[in-house]
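S.K.: Protein sequences, first through last, are from chains A and B. The numbering of the first sequence is our numbering, which starts it at 227 and goes up by one. The numbering of the second sequence is our numbering, which starts it at 683 and goes up by one.
If you are wondering where the hints come from, they were derived from the structure by calculation, not from laboratory data. We put the beta carbon where it would ideally sit given N, CA and C, even for glycine. Be careful, since some hints might not be right.
Said to hold, decoys possible - Examples of chain B residues toward chain A, derived with CB under 10 Å:
#1 718
#2 723
#3 726
#4 767
#5 782
#6 783
These are the residues of each chain, in order.
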Amino acid sequence: DVKVTQSSRYLVKRTGEKVFLECVQDMDHENMFWYRQDPGLGLRLIYFSYDVKMKEKGDIPEGYSVSREKKERFSLILESASTNQTSMYLCASSLGQQLDIQYFGAGTRLSVL
Amino acid sequence: DAKTTQPNSMESNEEEPVHLPCNHSTISGTDYIHWYRQLPSQGPEYVIHGLTSNVNNRMASLAIAEDRKSSTLILHRATLRDAAVYYCIVGSNFGNEKLTFGTGTRLTIIP
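Based on the sequences and whatever the hints tell you, model everything.
M.R.: Next comes the structure, spelled out in structure tokens:
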């Protein structure tokens, strides 16, 4: 089974802190994705990556950056956390084929105080 | 991506069939229909996908209208573990484009 592991289930950070959310997949998938999920808004794509060192902006990239130095790892970075970034963050990976299936991690619930 | 419309919520009794509808009236000829579900406190998981013909797998069945402007996810015998948010997504090249999940249908199973 594909496994997508997010480093933390719950995080509490202070406003202005730099926050790293880590995601690792074990199936040699080409694509990796970061979403945030908020009540009433569904899942919204922040950034995605088709290959190592490659990234593309999603729908809501403002306030975020990403890093993919190795194929299996995709990091989401909040340079200066703000309270409006309190949310559930979901990482996903996929093979990179036309009929692709995305495999999701369990999510990280981030609270910025 | 074609836009989809789903009811916000549905209820069903345990051990009865559940039909979850999705409208996608702007679907193009090359768009596939995918369904995902999100169990409480978990990330979404893939359920099933189809193009034109009805599809079955161990989790569910997918019935696609002849004009492809709507589809129905069928859970043949709902259990309490099927309580989740179900998302219908359409697109033609999932490997190279983002998924637009929308808000889905929250399914409640009544014991």
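S.K.: So, for every hint listed, does it hold in this structure?
M.R.: Hints versus structure:
{"no.": "1", "hint": "718", "verdict": "holds (8 Å)"}
{"no.": "2", "hint": "723", "verdict": "holds (7 Å)"}
{"no.": "3", "hint": "726", "verdict": "holds (5 Å)"}
{"no.": "4", "hint": "767", "verdict": "holds (9 Å)"}
{"no.": "5", "hint": "782", "verdict": "holds (8 Å)"}
{"no.": "6", "hint": "783", "verdict": "holds (4 Å)"}
Checked against the numbered hints listed earlier, the structure breaks none of them; every hint is satisfied.
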